[in-house]
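Novice: Line order of the protein sequences matches chains A and B. Residues in the first sequence are numbered from 1211 upward in steps of one, following my numbering. Residues in the second sequence are numbered from 1211 upward in steps of one, following my numbering.
By construction, these hints were calculated from the structure, which means they are not laboratory data. Check each hint, because a few of them may be wrong.
It does not matter which identical chain is meant; a pair holds if it fits inside one copy or across any two.
To be verified - Straight-line alpha carbon distances no greater than 20 Å define the calculated SDA-like cross-link-like pairs of lysine to any residue that follow:
1) Lys1378 <-> Phe1391
2) Lys1367 <-> Gly1580
3) Lys1356 <-> Lys1538
4) Lys1506 <-> Thr1238
5) Lys1570 <-> Tyr1341
6) Lys1367 <-> Leu1333
7) Lys1379 <-> Leu1331
8) Lys1379 <-> Leu1333
9) Lys1525 <-> Tyr1264
10) Lys1271 <-> Gly1507
11) Lys1570 <-> Thr1479
12) Lys1367 <-> Glu1415
Number of protein chains: 2
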Amino acid sequence: MADDFKVTPWEVTGDIDYEVLMQRFGTTPIDDALMKRIAKYGEIHPMLKRGIFYTHRDFGKLLDDYDKGNKFFLYTGRGPSGHTHLGHIMPWIFNKWVQDVFEADMLFQMTDDEKFLFKDLTLKDTRALAYENALDFVALGFDPEKTKIILDTENIKELYPIALKVAKKVTFSTAKAVFGFDNSTNIGSIFFTTIQAAPAFLPSERAGKQIPCLIPCGIDQDPHFRVARDAAPGLNYPKPTMLYCKMFPGLGGGDKMSSSDEMATIYTTDSPKNVKKKVGRAFTGGCVSVEEQRVKGGNPEVCAVFKYNFYLFEKDDKKVNDLVDKCKKGEILCGECKQMLTEKINVFLEEHQAKREEAKEVVDSMTFDGFKW
Amino acid sequence: MADDFKVTPWEVTGDIDYEVLMQRFGTTPIDDALMKRIAKYGEIHPMLKRGIFYTHRDFGKLLDDYDKGNKFFLYTGRGPSGHTHLGHIMPWIFNKWVQDVFEADMLFQMTDDEKFLFKDLTLKDTRALAYENALDFVALGFDPEKTKIILDTENIKELYPIALKVAKKVTFSTAKAVFGFDNSTNIGSIFFTTIQAAPAFLPSERAGKQIPCLIPCGIDQDPHFRVARDAAPGLNYPKPTMLYCKMFPGLGGGDKMSSSDEMATIYTTDSPKNVKKKVGRAFTGGCVSVEEQRVKGGNPEVCAVFKYNFYLFEKDDKKVNDLVDKCKKGEILCGECKQMLTEKINVFLEEHQAKREEAKEVVDSMTFDGFKW
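Only chain A is shown next, with the shape it has when bound in the complex (with noise of 0.2 Å):
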């Protein structure tokens, strides 16, 4: 598959070809061996089993010192640029599973300054839309009294003498060769890679020694975290260990979903017929009628329902499998396969939007350091 795709924290283009840019990037894919190890822990997340979350740094070291009785902290978080849609949930909900499974405490990052400075959004803006997110986030049952939402311009003072010391070690050569930085770029965005690091350090640096840090999140935050860890022997942080999922498509086909493309979005608070609506305008991998596709059978492999299930919304493998066997066999059609799929994302937001609703009680009570929204 072609080379020419670009992966960064602020920009995915082309086709990702999920192999390369794993080999780009220098992060291990998750192998048997260490499939089978995280199986000891408890059962295997379905994003696990079926290669979502693909490719990792240092995991195996963090389940050695685990084992030992180190525990470890996770770290992930949200650039409030956008109201909630399926594919910011994915990772969150990946990350719900760990907690339960290591009971391990957890930090959310809201980075209102990032997309205050990357995006045309002011600070209040990116404010009120973190706020939405959180809700999001609390919706998906994190246990409140293990984590904390920590909002940068509110939690700054925790974090800056973290960003300062891992500043000082960062040149803008390296900025620039990591992120794609120009002469052009403002200095802010170019700063901001330290305040997205200091959470990682944060609990080592409050406990004055090294607490262990997992952090999954999708690939394309890895610039950041190679950066992070370059820095973080030099400062006496233990590096963080990084698990990686690919992103969420959109439902036009295109590898990831953007709020750039509201129609083949599903975001978490839409309505029954708003998600039939885009379920129903989606690409698949049917074909052009009916009988020829009766006849020669649909592609799943290009298909955004399909992924869709594949991703988030169908978790017995076995359905999965005859989902792939219908399709390729003609036996089932587009329009049905959308019908069931727009059925599962209506059970699942209906659930979530009313979780959503009790989140605004919770959502305090989680701020990191107590700030009020």
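Chain A is already provided as a structure; the job is to place chain B on it using the hints.
Specialist: For chain B alone, kept in the frame of chain A given last:
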């Protein structure tokens, strides 16, 4: 005079030609008309009369505003990289005069973050030095009701959102051109100027309207405030008004007193004995022998001892002129001059050190937003 000198906030090298520097930076001389205008508000400070504060940006405009009842606040600061010496307090003494004459509120920023980023110091070091420096600042008698001390890492929550707004307006290109950064500069140093800009805009941000700001400081800080002034209009902040002074000379004859030469630097905590020793070794405009000097006279223009009288320790213009006269005629020798200066400095330091002790009782009540040291 040669143009081969360099003045940035972090480096002063070569023989500074202050006229050339003014042209290079594009600031305006303080001319007779402006001086006459200032005289209407109070007795002209010797540092203005003697051209130590010698150039400005928009000072006339600030006075226009003031005359219309639009009060300004003062802002100056200190990078806590070492103990306070006479070169540091010189512009603070001037600030105190401005505060008194214009009854101005004042922000004093201590950039512990900057000195961490630019020097081989820890954040603990720069914080401890900031406290020491703050005592000297407070000892000068600033009105505790009108004066607040900012410590960047303590007050970052107020500074950061403003810094982000500035940062979004400043490209790496600009930072490179203004400060001479290159690819090897760390990304914290690149970002830092936005933190130094923030206090200039902080009262405007808090008030939700434009509050004029006057910054009397060393001309080496102009690069920072050029950036701040360029960013201001787009953020609906007022451009800060600048009053710039020349660098306080070193005892060794250099253009800037610097802690890198301990023996040519008089610290505010020096003992009378130490002062005597340091002044005794000062570079003068004297001749090699007493006999020669009696005949040829000395050269006050290059003499550090004379400069100390001129910059800080002889407020009486007549006495300054007498000193020049007598020196040139060989009527006064260097030893005598050094002895007189030593006495003046020690009288000043005795009083200052007593006030510095008293400052320990007040300094906590003068912190911005009430932080504890």
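Novice: Now, for every hint given, state plainly whether the structure supports it.
Specialist: For each hint, the structure was consulted:
1. Taking the shortest alpha-carbon separations for Lys1378 and Phe1391, both the intra-copy value of 18 Å and the inter-copy value of 14 Å come in at or below 20 Å.
2. In this assembly of identical chains, the alpha carbons of Lys1367 and Gly1580 lie at most 20 Å apart whether taken from the same copy (13 Å) or from different copies (14 Å).
3. When the C-alpha separation of Lys1356 and Lys1538 is checked against a cutoff of 20 Å, the pair qualifies neither within a copy, at 45 Å, nor between copies, at 78 Å.
4. In this assembly of identical chains, the alpha carbons of Lys1506 and Thr1238 never lie at most 20 Å apart, being 38 Å within a copy and 81 Å across copies at closest.
5. In this assembly of identical chains, the alpha carbons of Lys1570 and Tyr1341 lie at most 20 Å apart only when taken from the same copy (9 Å versus 43 Å across copies).
6. In this homomeric assembly, Lys1367 and Leu1333 come within 20 Å of each other (Cα to Cα) both inside a single copy, at 17 Å, and across copies, at 13 Å.
7. Taking identical chains as interchangeable, the C-alpha atoms of Lys1379 and Leu1331 lie at most 20 Å apart only when they sit on different chains, with a minimum of 13 Å there against 30 Å within one chain.
8. In this assembly of identical chains, Lys1379 and Leu1333 lie within 20 Å of each other by CA distance solely across copies; the values are 14 Å between and 28 Å within a copy.
9. Proximity of Lys1525 to Tyr1264 under the C-alpha cut-off of 20 Å is restricted to the intra-copy arrangement: shortest distance 17 Å within a copy versus 75 Å between copies.
10. Neither within a single protomer nor between protomers do Lys1271 and Gly1507 lie at most 20 Å apart by alpha-carbon distance, with minima of 45 Å and 78 Å respectively.
11. Proximity of Lys1570 and Thr1479 under a CA criterion of 20 Å is satisfied intra-copy only: 14 Å inside one chain copy versus 57 Å between copies.
12. Proximity of Lys1367 and Glu1415 under a CA criterion of 20 Å is satisfied in both settings, with 13 Å inside one chain copy and 19 Å between copies.
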